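Residue numbers (this note's numbering), protein chains in the order written: chain A, 49 to 395; chain B, 49 to 395; chain C, 49 to 395; chain D, 49 to 395.
Keep in mind that the hints were calculated from the coordinates and are not lab data. One thing to keep in mind: the hints can contain errors.
Unchecked claim - Straight-line distance between alpha carbons at most 25 Å, and here's what the computed BS3-like set of lysine-lysine pairs gives:
#1 D/K94 - D/K201
#2 C/K94 - C/K201
#3 C/K122 - B/K122
#4 A/K94 - A/K201
#5 D/K94 - A/K122
#6 B/K201 - B/K94
Said to hold, decoys possible - To give a feel for the contact side, a few chain C residues facing chain B, derived at Cβ under 10 Å:
#7 T71
#8 L73
#9 E74
#10 A119
#11 P123
#12 E179
#13 H180
#14 M181
#15 I278
#16 K279
Source: prediction; values computed, not measured. For glycine and all other residues, C-beta sits at the position ideal for the given N, C-alpha and C.
There are 4 protein chains.
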Amino acid sequence: MIRFECDYAEGCHPAILEALAQTNLEQTVGYGLDDHCEHARQLIRKACAAPEAGVHFLVGGTQANATVISACLKPYQGAIAAQTGHINVHETGAIEALGHKVLPLPSDDGKITAEQIMACCRAHYNDATHEHMVQPGMVYISQPTENGTLYTKAELNAIRLACTQYSLRLFIDGARCGYGLVAPGNDVTLADLARISDVFYIGGTKVGALFGEAVVITSEALNHDFRYYIKRHGGMLAKGRLLGIQFETLMSENRYEQIAAHGVELAWELRRAFEECGVRLLYDSPTNQQFPILRTEELSKLQKKYAFSFWQQMGEGWAAVRVCTSWATDAQAVRNLIQDVHDVCRR
Amino acid sequence: MIRFECDYAEGCHPAILEALAQTNLEQTVGYGLDDHCEHARQLIRKACAAPEAGVHFLVGGTQANATVISACLKPYQGAIAAQTGHINVHETGAIEALGHKVLPLPSDDGKITAEQIMACCRAHYNDATHEHMVQPGMVYISQPTENGTLYTKAELNAIRLACTQYSLRLFIDGARCGYGLVAPGNDVTLADLARISDVFYIGGTKVGALFGEAVVITSEALNHDFRYYIKRHGGMLAKGRLLGIQFETLMSENRYEQIAAHGVELAWELRRAFEECGVRLLYDSPTNQQFPILRTEELSKLQKKYAFSFWQQMGEGWAAVRVCTSWATDAQAVRNLIQDVHDVCRR
Amino acid sequence: MIRFECDYAEGCHPAILEALAQTNLEQTVGYGLDDHCEHARQLIRKACAAPEAGVHFLVGGTQANATVISACLKPYQGAIAAQTGHINVHETGAIEALGHKVLPLPSDDGKITAEQIMACCRAHYNDATHEHMVQPGMVYISQPTENGTLYTKAELNAIRLACTQYSLRLFIDGARCGYGLVAPGNDVTLADLARISDVFYIGGTKVGALFGEAVVITSEALNHDFRYYIKRHGGMLAKGRLLGIQFETLMSENRYEQIAAHGVELAWELRRAFEECGVRLLYDSPTNQQFPILRTEELSKLQKKYAFSFWQQMGEGWAAVRVCTSWATDAQAVRNLIQDVHDVCRR
Amino acid sequence: MIRFECDYAEGCHPAILEALAQTNLEQTVGYGLDDHCEHARQLIRKACAAPEAGVHFLVGGTQANATVISACLKPYQGAIAAQTGHINVHETGAIEALGHKVLPLPSDDGKITAEQIMACCRAHYNDATHEHMVQPGMVYISQPTENGTLYTKAELNAIRLACTQYSLRLFIDGARCGYGLVAPGNDVTLADLARISDVFYIGGTKVGALFGEAVVITSEALNHDFRYYIKRHGGMLAKGRLLGIQFETLMSENRYEQIAAHGVELAWELRRAFEECGVRLLYDSPTNQQFPILRTEELSKLQKKYAFSFWQQMGEGWAAVRVCTSWATDAQAVRNLIQDVHDVCRR
């Protein structure tokens, strides 16, 4: 079985394993205060052109989302998000567990617009009983989105303006950040993300690390006492150096973008193959996730050799699946899949 | 600087690094459902003589404590603990963050007794206004305790009886479990911990793993839907296999106890050195943490070469520090420290 | 200004004031354990044909909803509700404050169906990653709904079946219970509500009391320790007798239904007037809330003399408003409004 | 049975019942935005010499405490309180339910000192691992305390200084505020409470109202959006006017202090009687709660006619009980009790 169902099926980039082995018996202080973490912070600040940013390393995405959102909001505030957003769907209520409502906006492709955000805030403040409703306190978006799509720089700038107008924090979930940075047509850099958001993260788990997300905070107020939040939510790794060492490695020698590019190139090979075969794609994704719509019987045949993630039923006899590539995807496996798609899915 | 301030200053046992390297490009399903996790579960169930136990792998101790306690308690219930217990002192309110009060009992050496627990429950239920107070719903103890001390099997059995009498769950924090198992005089086995508690964990972070705690649940009701809790609290590691691989390695070839024994032996060398020099120890600890009481000027001299954890002021001119050994402690470093203790601390 | 904007603009039924005056200097124990509360409980159990039911008196609706939902759910579970449900919209995140997500289902008229509930549960359990999502743990409905509509007994029975099938608790918000019981066409009695739900409440605040909701719990497991929940959420009134005295009065001499009938009759006078004038009603409400759709200029004229609640914009130049009657509504005021509607709204 | 066990055994001052009756059919807007509430706010601002203060009316003390504390603290912060403080003991974890730890300080008489507060904060910030501990964010004290004792103005000023030094909010629970204001020896006025604290409340429930606490907020930042907090915690009374009308009545014609004085005078009659009989008092309380230490057999005799609150066992054969007077206490009942004390307790 060749796995295309997610981008975390393998371990990590070999350079990380090497770095872990080389540093294994070093003695360091705990909890992210060691030199490796400090070095990784410097590399990230430089990559983000944000020399004053706070940088904090967390183990996983749900933990990062919950911790950041808890720090962003007052108790009576909620987080505006696409209804498809990870925090609204796939975190078993981790945000609600900390007392906050997700305020979902309709979305077809995983993106929301500045206009939607402003309309949501206007509706709140124009309602005479707004104190009876959860106040919008922040915006949560993902870049790339859960559907593989990307915001343009213009779209992000517009969202930033909307946030500023309504005193909302802007948080960008970058679990797949790398695959967005290198996607064809992308015009958003790490420096843009740092400049536009109050806080975002550079995802490691899905882009070459064993685990880890680097949270970059450009709002000084938000950065203040942030480590208390990390500890409160069980996110302060005793051997914090493990995160430092991993991000040192990823952020050196342009490795983060390079290995992401490998995943995206293979995703585009797949995308073109689906298109050649007349297979419709559910979203127009330029990143490492592709969402072909297949006949049930086509799916059955392909699933004998390949694992995909079921995405959604598309009426009788059709389903969309998610096909993921990653930094670790074997090029030959992709070519085999392409061959099989051609054999099975010709329309 | 030689670090004796904690038992998580180094990376991991080399066998774990090897196993990670060997399995690095395997493709596995995520979230702890892979074969390595399953194999590790089998090894743990066997070691615990608990063939039906649920076994769940979490990244760290605070996360494990919060997740387990959330699953054990009803909203209006609290967790009885020693006032020195980790959940009462060193988790930035992670338990309260999930809505629960810690009900602290006085303790000198980190242990609490069955009598204290029963008195606490009697006081609650005998009070006519007990509905105005947090109901005791569970007992949290650590084995070894935060002060290095150990419960005897008889003490644990008595606590179990008290818990049963008052319908309390019993949860044993085993962050340093290994160092207890192999301590001179210890009469409590993994099978005892599994039999006596409703849930306990086998700590990996401080006993040879990069990170990880193996939560063992013998109460079927508690195990039901436990994975929802893990996800809700940000503890479901995407590449769950990392935890599986580490515990496979630790629980094979008697490795867990063997490497813990190394730490405990060196701790006893230190303990004997302190005693020979007439240095009083704050607690009578048979495990890998020792708590000598030193003169300020002695401390200053030793701290030029060695890092300890400050523990508490002991009146003018004296302080207790924590000196930790671990699976990774260098025997020569211990001998050097002993020599320096002899030189500096002669009374 | 004559107020039709809500059903809590006045104080209370005079019989309640009298009872309060008569009992004012009686000495009673606090917190709902006095004889008035006990007597009120007996009257309610009898009215509900539920001799074993737990009955608890809370001050207000949001408090009742939050307390009941906290008692119904495990931490990782959420409450299915109409997206228009009070808990989803108008409680400033009181449910999320206690850690629970509201799982909203689309609804036009404020009602949801057994089919929707079952589809929601099937979708959850059929998803391979359901542990990453909030588990449906209960259903919250309002009778009458926030839109004035009513469930039939058949609809409620079907919802009950769906709940039983998927192990969901069923909670019925009866803030306006009285106005439903006496509505033309209603076939649901208090005994039905008690039999069909696990817990529901008989609203006092909007039906003649100064304040107060009587929560009726037929599930013994849910009733156990419920008073701890009340106290935990700040809902245990020191002078609990105030609630007992009010419900004693309301539940005696058929007063509750009688005074509700007054409100509903006047609502129907209004409804018929709107219909005669060709004014469309947003919902087909048989209860004390009516939702006429008016031209902006009509509204401006009427609002010089009458207060309504703005409900929603209905395209350019039109708006729906809520017009409420109650136990306290002055019949003459209604007739005046009817006259003005005839004058202003002729189509 | 004559009840001396609490100060909320009766209804309310007759003037309140009258005011409720007179205003009963007035139509007002809901949720505390009506003219009665506004008038009461003005009276309170004047009494407190705090013309800019926010004034909010809540139904009960636990609700007021939880709401205020939630507004005062960041998620990772806790509330310093006497270990005997109401929030630490008698609120079923209402503070923890909102995510906050109570940080208890030892206290014999219900009071804590500025020195204790500063020591607590120093201990926190001096600890190298303070991010692993709950940060002190506020101080909660009661005036009078749960034990009937009073802070002097000098003590409160010192606590204020300590709070300012460590950026702590100061919250004064005034559930029995009135009984303190009029106590012999008291030198603290309402204006002092307003000036010294960031937020305090004037208790109505125990001082003549049916229910209600008037929260006075002098910190503008804290007052901002406070109504969202009230709604979120189920404390926004639909018929808010009920609170306005009660506080209008209490704060007019010096009624609040007058009726409190009645209670305190009777308490002192009791106190003197106990002292004359050689009965030791557990606390030196100048307010409406007295805590005599009685022989078990004395208690048995007295309890045939009088209800007290059991307070604590005082060794074999002795117990302390709480004896409360209030605005409603019957002078003749007190004299009867005094006679019986003289008969039963002569030493």
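Item to check | Agreement of D/K94 and D/K201 with the hint, judged by alpha carbon distance not exceeding 25 Å | outcome: 20 Å, holds
Checklist entry - Holds or violated: C/M181 as interface residue toward chain B, Cβ cutoff 10 Å? => result C/M181 check passes; min Cβ-Cβ to chain B is 9 Å, inside 10 Å.
Next on the checklist: Given C/A119 as an interface hint, is its Cβ closer than 10 Å to any Cβ of chain B?
Outcome noted: Cβ of C/A119 sits 8 Å from chain B, so the hint holds.
Next on the checklist: Does the closest beta carbon of chain B sit nearer than 10 Å to the beta carbon of C/I278?
Outcome noted: It holds, given that the least Cβ distance between C/I278 and chain B is near 8 Å, below 10 Å.
Item to check | C/E179 as an interface hint toward chain B, with CB separation required under 10 Å | outcome: Constraint on C/E179 satisfied, holds at 4 Å.
Checklist entry - Do the alpha carbons of C/K122 and B/K122 lie within 25 Å of each other, as the hint requires? => result 8 Å, holds
Item to check | Residue hint C/H180, partner chain B, criterion CB-CB below 10 Å | outcome: 5 Å, holds
Checklist entry - Is the Cα-Cα distance between B/K201 and B/K94 25 Å or less? => result 20 Å, holds
Next on the checklist: Tell me if the interface restraint on C/E74 is satisfied: Cβ within less than 10 Å of some Cβ in chain B.
Outcome noted: 21 Å, violated
Item to check | Interface restraint verdict for C/L73 against chain B (beta-carbon cut-off 10 Å) | outcome: Since chain B brings no Cβ nearer than about 24 Å to C/L73, farther than 10 Å, the hint is violated.
Item to check | 25 Å limit on alpha-carbon distance, applied to hinted pair A/K94 and A/K201 | outcome: 20 Å, holds
Item to check | Restraint check, 10 Å cut-off on beta carbons, for C/K279 near chain B | outcome: With a closest approach of 5 Å, the C/K279 hint holds.
Checked against the numbered hints listed earlier, the structure breaks hints 5, 7, 8 and 9; every other hint is satisfied.
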